[in-house]
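K.L.:
Chain by chain, the residues:
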Amino acid sequence: MHMTASEAEGALVVTVMDRRIDAAVAVRFKDKMQEMTGQSQERVILDLGQVEFLDSSGLGAVVGAMKHLGRSRRLDLANMTPTVEKVFRITRMDRVFRIFPSIEDALEAAVDA
Amino acid sequence: MPDDGLAPTGGVTTEDRLSGGTRTLLDKSYPADFRWVRRAVQNAVDELRSDEVAADALGSVEIVLAEALNNVAEHAYPEETQGELRLIVRRRGKALMFEIRDKGRPMPQGRAPMGNHPMTEFDQQDDMPEGGYGWFLIREIVSDLVYDRRDDENFLLIRMSATG
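Top line first, the protein sequences correspond to chains W and P.
Take the first sequence: its position 58, counted from the start at 1, is 58 in my numbering, and no numbers get skipped.
Take the second sequence: its position 164, counted from the start at 1, is 164 in my numbering, and no numbers get skipped.
By construction, these hints were calculated from the structure, which means they are not laboratory data.
Computed from a predicted structure; not experimentally measured.
Since no wrong hints were added, every one of them can be taken at face value.
Quick list of the computed label-pair ranges, beta carbon to beta carbon:
hint, chain 1, residue 1, chain 2, residue 2, range
1, P, R23, W, E35, 41 to 49 Å
2, W, R98, P, H75, 27 to 35 Å
3, P, Q109, W, R89, 26 to 34 Å
4, P, E74, W, P82, 21 to 29 Å
5, W, E52, P, Y147, 27 to 35 Å
6, P, P106, W, S6, 46 to 54 Å
7, P, P106, W, E52, 29 to 37 Å
8, P, D152, W, E9, 54 to 62 Å
9, P, E99, W, E7, 44 to 52 Å
10, W, R98, P, K28, 35 to 43 Å
11, W, A110, P, T24, 51 to 59 Å
12, W, R28, P, E79, 17 to 25 Å
13, W, S40, P, M114, 36 to 44 Å
A short list of chain W residues far from chain P (calculated; beta carbon distances all over 12 Å):
hint, residue
14, H2
15, E9
16, T37
Each residue gets a CB set at the ideal place from its N, CA and C atoms; glycine is no exception.
Put together the whole structure using the sequences plus the hints.
P.N.:
Listed below in structure tokens is the structure:
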């Protein structure tokens, strides 16, 4: 699982470099998210722009990552491709997460809006 | 689902004529684990993309196949057993037909799960379920699904549209 992190305007932007978050890698994705967000006290923006496909295991891992950040730190999602967006929409997770069309849009939005 | 069953003009092959317009695009067996499921799903999507299935429909197919096949990989066989699954993809006009077979355990109560949304009972963020969305996704996307068991083999038959 290849993921990178960068600091930007009070947020930690985590970019998934793999094309799929599916059952084969969901556990590793969740572990890596914990590892990468462990030090930070900031809001986390997950950049899914490279991810072409996410299944229910991947969805569960994103939910798990959000739960791990706790109530004090927010996990926002950005840059979704069409099939990933479809999974979030059908499961109504688009009402649980804030989803932004781009990282720029996510950074512009207030943390608690 | 409408089934025009008509081959496009000029695209009728010998195989089409012999099978009444139904073409088999993929028929392959894979080890029933998550890594091979990924391969199986990609094989099916690649075949359908070459067959000019629209991107939106391909996305739905990819979701449904991944969930149905992962379900086999996760539940059909006892943990130490290396089971197999077979994926058959057929097309007749605008209808896409998927047949998923395995020789593992039958589905619970001999039926395909209803796929209720796992979040119906949560009320706090901390309790939000991290699993159980698979069959919900399948049921939301697919209206035409049959589960059957014959001679110790599971059959899941799914029909979807090539036009989304």
